[in-house]
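Student: One-letter residues, chain by chain:
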Amino acid sequence: MKNLRLSPTAVIAALIALVAVLAAVFPGLFTGFDPNDGGETPALLSPSATHWFGTDQIGRDVFARVVYGASHSLLAALVAVGVGLVVGTVLGLVAGTRPGPLDDALMRVVDVLLSIPALLLSLTIVILLGFGTINAAIAVGVTSIALFARLARSQSVSIGKSDYVAAAYGSGGTYWNVLRRHILPNAVSPVLSLAVLQIGSAILQISTLGFLGYGTPPPTPEWGLIISEGRDYVATAWWVTVLPGAVIMAVVMATHKIGSTLREATA
Amino acid sequence: MSATERTTTSGPGASAAPRPGRHAAEPAERTTPYEDGPANRPAEAGDPGARPVLSVEDLSVDYSLRGSRESRRALHGVSLSVAHGGMTAVVGESGSGKSTTASAVIGMLAGNASVASGSVLLGERQLLGAGEAELQRVRGAHVGYIPQDPGNSLNPLKTVGANVAEALRIHRRVGRPETRERVLELLERVGLDRPRLRAGQFPHELSGGMRQRVLIASAIALSPELIIADEPTSALDVTVQQKILDLLDDLRREEGTSILFITHDLAVAGERADRVAVMQSGRVVEDAPASRIFSDPQCDYTRRLLRDAPSLRVVTEEESGRGAGGERRPAEDDRPTGGEAATSGGRTGLPWGGTGAAGPDAAPLLSVQGLSKVYARHSREEDDRRPDEASTSAEASDTAERRDDVIGVEDVSFDVAEGTTHGVVGESGSGKTTLGKALAGLIAPDAGTALVAGYDVARLGRHERRDFRRTVQLVHQNPHTAIDPKFSIEAAIAEPLANFKVGTREERRARVAEVMEQVALPPELAARRPRELSGGQLQRVAIARALVIEPRLVVLDEAVSALDVTVQAQILRLLERLQRELGLTYLFISHDLAVVRQIADTVSVVSRGHQVEAGPARQIFEDPRDPYTRRLLAAIPRPARTASGASSSSAIRN
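Protein sequences appear in the order of chains U and A. Each residue of the first sequence is one higher than the last, beginning at 1 in this note's numbering. Each residue of the second sequence is one higher than the last, beginning at 268 in this note's numbering.
This is chain U alone, in the form it adopts within the complex (with noise of 0.2 Å):
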């Protein structure tokens, strides 16, 4: 970690990233309009220096819906994060160091995760746990569990193998004492890379339940429903799906390339 090289592209996307938590957070900071009362604005002005991007359909400020969606979205990809990252990692690590029929039945249930479409898979879940933000979140964690789990059970074989871990043993460590203090310190910096890494896809994948409608229900300001609510005036008001989707894209490439960043240091 320390000899962690910045290139420009690097700083830019942790400067998008930071942007982004801010607006998150607190998101008061970047627009005065309130993100669900257009009041007597009119609608789908084009972008203008009082409306950065432009109104919807019914006069609502298209900036300040995406800066209030920013807090929605990124909790969502952070839920659904967590929940890949250590549900997969416990079955990852368990899996990795216990050979045998465990290992094979977890690894069986991780390919058949792995099998099955990720969007489809979180469609299923979503309408098995109801409509929701933190149900879309959770839908979409379970389909990164599979990846989270593959990860750290390759790491976890290989440190599992290495001498300081035959000298634990040696020297009268149990089971979980090996786990705890030798193997997991020494598997998680990959891992916690990769959930950076999937911190974009998760967004994503939130935002297309929300286009579906499977996910945030409106008026909620959330991305992936902001976009589908302006998909019918694209034609002639092109801002108000193309601009939160450029910044979707945004983020989401800012957070891939600090999770690849990382994952490279970390290497």
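Treat the hints as calculated values from the structure; they're not laboratory data. The C-beta atom is built at its ideal place from N, Cα and C for all residues, glycine as well. There may be inaccurate statements among the hints.
Residues on chain U that point at chain A, a partial pick, calculated with CB under 8 Å [said to hold, decoys possible]:
no.: 1; residue: S162
no.: 2; residue: D163
no.: 3; residue: A167
no.: 4; residue: A168
no.: 5; residue: S171
no.: 6; residue: G172
no.: 7; residue: G173
no.: 8; residue: N177
no.: 9; residue: P185
no.: 10; residue: F211
no.: 11; residue: G213
Straight-line C-alpha distance at most 20 Å; calculated DMTMM-like pairs for lysine to aspartate or glutamate [to be verified]:
no.: 12; chain 1: A; residue 1: K768; chain 2: A; residue 2: E781
no.: 13; chain 1: U; residue 1: K161; chain 2: A; residue 2: E825
no.: 14; chain 1: A; residue 1: K753; chain 2: U; residue 2: E264
Pulled from the structure, derived: some chain U residues nowhere near chain A, Cβ distances all over 10 Å [to be verified]:
no.: 15; residue: D37
no.: 16; residue: L128
no.: 17; residue: P217
Keeping the supplied structure of chain U fixed, place chain A upon it in accordance with the hints.
Tutor: Just chain A now, kept in the frame of chain U:
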């Protein structure tokens, strides 16, 4: 061959030896090496302007440090030369810059390295500053390269023949049939049996020694003037090493190829090279004919290397007569011999006198009877022997019984008295590590018993197993991988105490400090991380961790093999002192007979899973009964002896 004689004639050769002096010596040099094969002498051998094949002058190389503009100098004005048909050995410990020198010669320095000054002349050609295209023409065609690790230097997806043919194809546009002919010729030249069969095999089907032969075939494919051999035998067993070195000698004699030989092993350098350049932290500290390096070393560092090299130490003892039979350290008498005191008294830092010695009839601390752990078994097939082993199987059939080769170990028996050291010697694949793991309780044996301080290793219950771990500790080969990189040194040493819940936090801290002092680690290292320590320091940490819970038996699995000779000597001295002070018993597993000879009281020799010989060290080393043991002993390189008995070695000592 007379490499040694001819270099004694070349004048006082420090690194900056004046060129005229060397010129004067040239005629004498020319005549001797080719006596037995004048027809093979290259055309330019009689050239009056006899200049060295390779001449490196004042070479300085900098490495830029990652993430900053600063750079660190890795080579400081290195000068050396390789005479026509000669072998110059570059000797040094890890980090001395010997590999950087080799890389700089063929223009293959790492991306963050840059040449600050100097010149590299290959014949008349200046290689420093030459363009990539020119260097590509030089590499392979004029300079051959033999890498260190034959294991991963061949393309595993191509056959052996295709691997060798690659060098030919890159440099010469020749037809397939001709290429094939030449490849078979080369494989035969490097001493592979049945070249036609070998050419069609894949690298994984060959042994390490055979792969190294294939790499040598690639290196000589285009008859280069110079071969750079970067630790070509360091990854090989001694008996295989000897044969590869013989092959290089043959090439030198018959083809007139010159060799720049990079090695950490002073004994190998002294045995084979005619000129030795000793490197230390990027400088050539001594550059002289091989004979002079050994008879009259000028530099303190060279003297230290000579003193610490285990195989050389044995040679000097033998030859000075004083060590006749002295396979053991002089401090022999101070050592505790009996088990009585050890079993009765506490084990903590008891001062050990020579009293209370229980003698040979005391119950041994470790008693192994018919121990077996077999993973796989091959019956010996005569015609599938590799050439390296042709002699082995012939000799093996001389011995009374012919046994199957075993992966693992079969039917091993020996006793070790408390406070003594038992050496287990064998080449790779002999089963010595399996034996060590079984005795440390890490794997369960198939059959036989191993009693360690009253515990039967084969029948340990769950709770017994944890108690057993307090009695026996294992020290691994590679200290860099044996300590968790995330732990501080103190936490690493304290780990066994924490696992067994010994004492309070403060008591553990005090105990760690005490053990660190015992292994001579400065207390300020306690808070450091493993990556900040050197290999020798880390091995001390590993030993401290093993000692912290006061075991009685320490299994040392190649515990000094990954270390530089001077560090190795320090660790061996440390082990001896700890044995004296704490009455420890060691099981010392090593492929290196010279090291075992220094430290062991009793020795077992294992080969292909079988114990071929066991007994007191003195007897094994002076009167080996088994042909395998004899072969191992004969393969220890010694500078006094020249290759393949070509010429007498007396020149050296005079």
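Student: All hints are to be evaluated individually against the structure, with a verdict given for each.
Tutor: Here is what the structure says about each hint:
Contact between S162 (chain U) and chain A, as hinted, is supported at the beta carbon level, the nearest pair being about 6 Å apart and thus within 8 Å. Evaluation of the D163 (chain U) hint against chain A yields a held restraint, the C-beta minimum of about 4 Å falling below 8 Å. Residue-level restraint check for A167 (chain U) holds (minimum Cβ-Cβ distance to chain A is 6 Å; threshold 8 Å). Below 8 Å, beta-carbon pairs count as interface contacts, and A168 (chain U) has one with chain A at about 7 Å; its hint therefore holds.
For S171 (chain U), the shortest C-beta to C-beta distance to chain A is roughly 4 Å, which falls under 8 Å, so the interface hint holds. For G172 (chain U), the shortest C-beta to C-beta distance to chain A is roughly 4 Å, which falls under 8 Å, so the interface hint holds. A least Cβ separation of about 5 Å between G173 (chain U) and chain A falls short of the 8 Å threshold, and the interface hint therefore holds. At about 7 Å, the closest approach between the beta carbon of N177 (chain U) and any beta carbon in chain A falls short of 8 Å, and the interface hint on this residue holds.
Annotation: interface hint on P185 (chain U) holds; nearest CB of chain A at approximately 5 Å, less than 8 Å. Because the beta carbon of F211 (chain U) sits about 43 Å from the nearest beta carbon in chain A, more than 8 Å, this interface hint is broken. Taking 8 Å as the C-beta cut-off, the interface hint given for G213 (chain U) is violated, the closest approach to chain A being about 47 Å. For the given pair, K768 (chain A) sits about 18 Å from E781 (chain A) by alpha-carbon distance, which is consistent with the 20 Å threshold.
Simply put, K161 (chain U) and E825 (chain A) have alpha-carbon atoms about 18 Å apart, close enough for the 20 Å limit, and the pair holds. Distance hint between K753 (chain A) and E264 (chain U) is fulfilled; the C-alpha atoms sit about 19 Å from each other, no more than 20 Å. No Cβ of chain A comes within 10 Å of the Cβ of D37 (chain U); the nearest lies about 51 Å off, and the non-interface call holds. Once the 10 Å rule is applied to beta carbons, L128 (chain U) is consistent with being away from chain A; the minimum gap is 40 Å.
No Cβ of chain A approaches the Cβ of P217 (chain U) within 10 Å, the least distance being about 46 Å, so the stated non-interface status holds.
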